Each structure stands twice: as structure tokens, then as C-alpha cells.
Amino acid sequence: MKEQKIRVKLKAFDMKTGARVSGPIPLPTSIRKVTVIRSPHVNIKSREQFEMRIYKRLIDIFDVTPQTTESLKKLALPAGVDVQLK
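Residue numbers for the sequence shown, in my numbering: 1 to 86.
Just so you know, these hints were derived from the structure itself, not from any lab. Quantities reported herein were computed from a predicted structural model and do not represent experimental measurements. Take the hints with a grain of salt, since some may be wrong.
[Claimed, not checked] Taking lysine-lysine and the PhoX-like style, the derived pairs with C-alpha atoms no more than 25 Å apart in a straight line are:
(1) Lys74 with Lys9
(2) Lys86 with Lys74
(3) Lys56 with Lys73
[Said to hold, decoys possible] Now the in silico label distances, taken between C-beta atoms and shown as ranges:
(4) Ser39 with Leu72: 41 to 51 Å
(5) Thr35 with Ser71: 23 to 33 Å
(6) Glu51 with Ile25: 42 to 52 Å
(7) Pro78 with Arg32: 37 to 47 Å
(8) Ala76 with Lys33: 30 to 40 Å
(9) Lys33 with Glu70: 32 to 42 Å
Using N, Cα and C, we set each Cβ at its ideal position, and we do this for glycine too.
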């Protein structure tokens, strides 16, 4: 019999989401940078940079039961957190 496994991939803009998990695998953090001109008419060389960091974690859950999958589907997460279940 093949062992069942659930792979949970979390993406968040804020690393401190308040979720308690054991053994997450940190994936590379992607950084999106945007450069904007501060003034369109005067000081054209003056620019400002903004960045958005996306933190990713991978969690594997073994010995899956139907109650586990139902509780993961009903999980309430803070804004800015995305979950993919496989």
C-alpha cells in the first residue's frame, strides 16, 4: 500500500503569521523591486525604490486521515497568506 502524503506550500508577505508548525522547509525568498521617479517634472534623476518580499515554506504531512484533509480545507489564515495543498 502506498503511503499517503500531503504537501502544503505556504506563501506570505509577512514572515510572522502567527502559525505554529513543526519542521517547515524554507524555500528561497523572492524579492520584487520597483523603481519609481519621485517627481515627473523637477529632479528627474531622483528615484525611489520599493520592494515586496514573498516568503515560502514547505510542510509535508504523513499518515493522512480524512479528518486531516477536512481540517486543512477549513483552515482560517491571515490576509496575505496563500496555501496550496497537493
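Results for each hint:
| no. | hint | in the structure |
| --- | --- | --- |
| 1 | Lys74 with Lys9 | 16 Å, holds |
| 2 | Lys86 with Lys74 | 15 Å, holds |
| 3 | Lys56 with Lys73 | 19 Å, holds |
| 4 | Ser39 with Leu72: 41 to 51 Å | 49 Å, holds |
| 5 | Thr35 with Ser71: 23 to 33 Å | 44 Å, violated |
| 6 | Glu51 with Ile25: 42 to 52 Å | 24 Å, violated |
| 7 | Pro78 with Arg32: 37 to 47 Å | 20 Å, violated |
| 8 | Ala76 with Lys33: 30 to 40 Å | 32 Å, holds |
| 9 | Lys33 with Glu70: 32 to 42 Å | 40 Å, holds |
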